[in-house]
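Engineer: With the hints as your guide, set chain Z onto chain F.
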Amino acid sequence: MASAKVLRVRVESERCQGHNRCCSIAPELFEADELGNARVRGDGAVTPALEAKARLAVANCPEHAVRITQD
Amino acid sequence: MSARPPVRDWATDFDHFNLQWVEDPFPIWDDLRRRCPVAHSTRYEDGAYFASRYDDVREIAYDSEHFSSRRVIVREQKIPVVPSPPITSDPPEHTPARKVLLPAFTPQAIAKLKPRARAVCRELLERIGGAASCDGAIDYAQHIPVRVIAHMLDLPEADGDRFRDWIHRILEIGPTNPQVAMQTLEELTRYFHGHVEARRARPGDDLISFLIAARMDGQPLSQPNLLGMLRLLLIAGIDTTWSGIGASLWHLATHPEDRCRLAADASLMPTAIEEFLRAYAPVTMAREVVKETSVGGCTFKEKAQVLLSFPAANRDPAMFPDPDRVIIERAENRHAAFGLGRHRCLGSNLARMEMTVAIEEWLARFPDFRLADGARVKWSEGTVRGPRRLPFVLGTARNPV
Numbered sequence: 067m068a069s070a071k072v073l074r075v076r077v078e079s080e081r082c083q084g085h086n087r088c089c090s091i092a093p094e095l096f097e098a099d100e101l102g103n104a105r106v107r108g109d110g111a112v113t114p115a116l117e118a119k120a121r122l123a124v125a126n127c128p129e130h131a132v133r134i135t136q137d
Numbered sequence: 005m006s007a008r009p010p011v012r013d014w015a016t017d018f019d020h021f022n023l024q025w026v027e028d029p030f031p032i033w034d035d036l037r038r039r040c041p042v043a044h045s046t047r048y049e050d051g052a053y054f055a056s057r058y059d060d061v062r063e064i065a066y067d068s069e070h071f072s073s074r075r076v077i078v079r080e081q082k083i084p085v086v087p088s089p090p091i092t093s094d095p096p097e098h099t100p101a102r103k104v105l106l107p108a109f110t111p112q113a114i115a116k117l118k119p120r121a122r123a124v125c126r127e128l129l130e131r132i133g134g135a136a137s138c139d140g141a142i143d144y145a146q147h148i149p150v151r152v153i154a155h156m157l158d159l160p161e162a163d164g165d166r167f168r169d170w171i172h173r174i175l176e177i178g179p180t181n182p183q184v185a186m187q188t189l190e191e192l193t194r195y196f197h198g199h200v201e202a203r204r205a206r207p208g209d210d211l212i213s214f215l216i217a218a219r220m221d222g223q224p225l226s227q228p229n230l231l232g233m234l235r236l237l238l239i240a241g242i243d244t245t246w247s248g249i250g251a252s253l254w255h256l257a258t259h260p261e262d263r264c265r266l267a268a269d270a271s272l273m274p275t276a277i278e279e280f281l282r283a284y285a286p287v288t289m290a291r292e293v294v295k296e297t298s299v300g301g302c303t304f305k306e307k308a309q310v311l312l313s314f315p316a317a318n319r320d321p322a323m324f325p326d327p328d329r330v331i332i333e334r335a336e337n338r339h340a341a342f343g344l345g346r347h348r349c350l351g352s353n354l355a356r357m358e359m360t361v362a363i364e365e366w367l368a369r370f371p372d373f374r375l376a377d378g379a380r381v382k383w384s385e386g387t388v389r390g391p392r393r394l395p396f397v398l399g400t401a402r403n404p405v
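From first to last, the protein sequence lines are chains F and Z.
Taking the working numbering, the leading residue of the first sequence gets 67, the next gets one more, and so forth.
Taking the working numbering, the leading residue of the second sequence gets 5, the next gets one more, and so forth.
With the rest of the complex left out, here is chain F (with noise of 0.2 Å):
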């Protein structure tokens, strides 16, 4: 049985600069760590229903830190 791909969100650090614009857009997928730069939270799994916004975060980061990644 094949298993269905897995959409996860990734922040790549050393590019992040922390416009704050993923955590704006997806609440539920990236907040800001203690110096206002994005982290992902938890593991960064996209459900079907956070797909769209996860799409946004990566169309919106000016740094182009945000990815998506299918695993």
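Since the hints were derived computationally from the structure, they do not count as laboratory data.
In this text, all values refer to a predicted model and were calculated from it rather than measured experimentally.
Any given hint could be a false lead.
In the DSSO-like style, the derived pairs of lysine-lysine whose C-alpha atoms are separated by at most 30 Å in a straight line are [claimed, not checked]: (1) Z:K82 / Z:K305; (2) Z:K307 / F:K119; (3) Z:K307 / Z:K82; (4) Z:K82 / Z:K382; (5) Z:K116 / F:K119; (6) Z:K103 / Z:K116.
Residues from chain Z shown here face chain F by an in silico Cβ test under 8 Å; the list is partial [said to hold, decoys possible]: (7) F21; (8) N22; (9) L106; (10) P107; (11) T110; (12) N337; (13) R338; (14) A340; (15) F342.
Just so you know, even glycine gets a beta-carbon here, dropped at the ideal spot from N, CA and C.
Structural biologist: Frame of chain F; chain Z shown alone:
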């Protein structure tokens, strides 16, 4: 700025204090983007460049090896470098200085200030009350960031007029008048010196006390660094957000359809605020070329000044479809209003919060308003662009505008 020599050609003689640039720079930037794309001017000491395309602005912002932040204002005559870390810092000094301030400006820290900002907005609106007209820049927008930063630094709100006067002299008069620039920076330093000494004796729960207690690489901040950071917090946090709020109100006053939609549907607010930030980005930064290089096919000569225009980047059609149209539901908006790279505006969470609260509260009180007939909107000059006079007619249910 009166009696400036007329511009011969924007590509070779640009002047960002020229009235045409101040009032409506967008057609000038479009033209430069098409035929240049990097403009030059000898009006400024050692020459100045202006990059008009998003990709070039981004490349410069990311390149601290060739472009130093030690001068963040383009000036006719350079003045001695006056450090205000971290905005004027380059690597490796930049990161430790920035880390001192970042915890005070995280989304979590700024959320705590939201009720205060809302109370300030409501009090200002209460004062405008049932008037049939007001000035949206003078009676409303200008006071909001001043009061919030005064609260954060625990400084008297009554000093607001002095703050705005200092900032006007530094950002608008200073770039073409070095004496005024230096004298004002000294006044500001003296002002903070007094408050720092008072706070050393009696620490409080405010940002000055926080910086006195802070450690950078394990050491307390030096007095010059401390005073530099405080100057930065004041200079960077007032005109900028005043401009953001004012430009948003100006847009809504001149675009009734957007005004009605936003007043009726609060879910549009997040994308609307980002779109106002994109289309009316207030802040243009500067760099100094410290090593000759080439960007956008243009050679940047050592010592030259660079106008780093995030507002122009935000209108680049290669990056934003239909860039001159304000689309309040624009979903994909990678704008650069708060800069790009390591110098991302430290106060961006604060600015966004203030803009959002200010527009929400204004629309709740005055969903119906427009520019007064024959009104002349006055825009600020130079580094920070925003409306400084906004004569509005205010409607009521009985008397719509």
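Engineer: Indicate, hint by hint, whether the structure satisfies it.
Structural biologist: Going through the hints against the structure:
no., hint, in the structure
1, Z:K82 / Z:K305, "holds (16 Å)"
2, Z:K307 / F:K119, "violated (45 Å)"
3, Z:K307 / Z:K82, "holds (10 Å)"
4, Z:K82 / Z:K382, "holds (27 Å)"
5, Z:K116 / F:K119, "holds (26 Å)"
6, Z:K103 / Z:K116, "holds (20 Å)"
7, F21, "violated (28 Å)"
8, N22, "violated (29 Å)"
9, L106, "holds (4 Å)"
10, P107, "holds (6 Å)"
11, T110, "holds (4 Å)"
12, N337, "holds (6 Å)"
13, R338, "holds (5 Å)"
14, A340, "holds (6 Å)"
15, F342, "holds (6 Å)"
In summary, the structure is inconsistent with hints 2, 7, 8 from the numbered list given earlier, while agreeing with the others.
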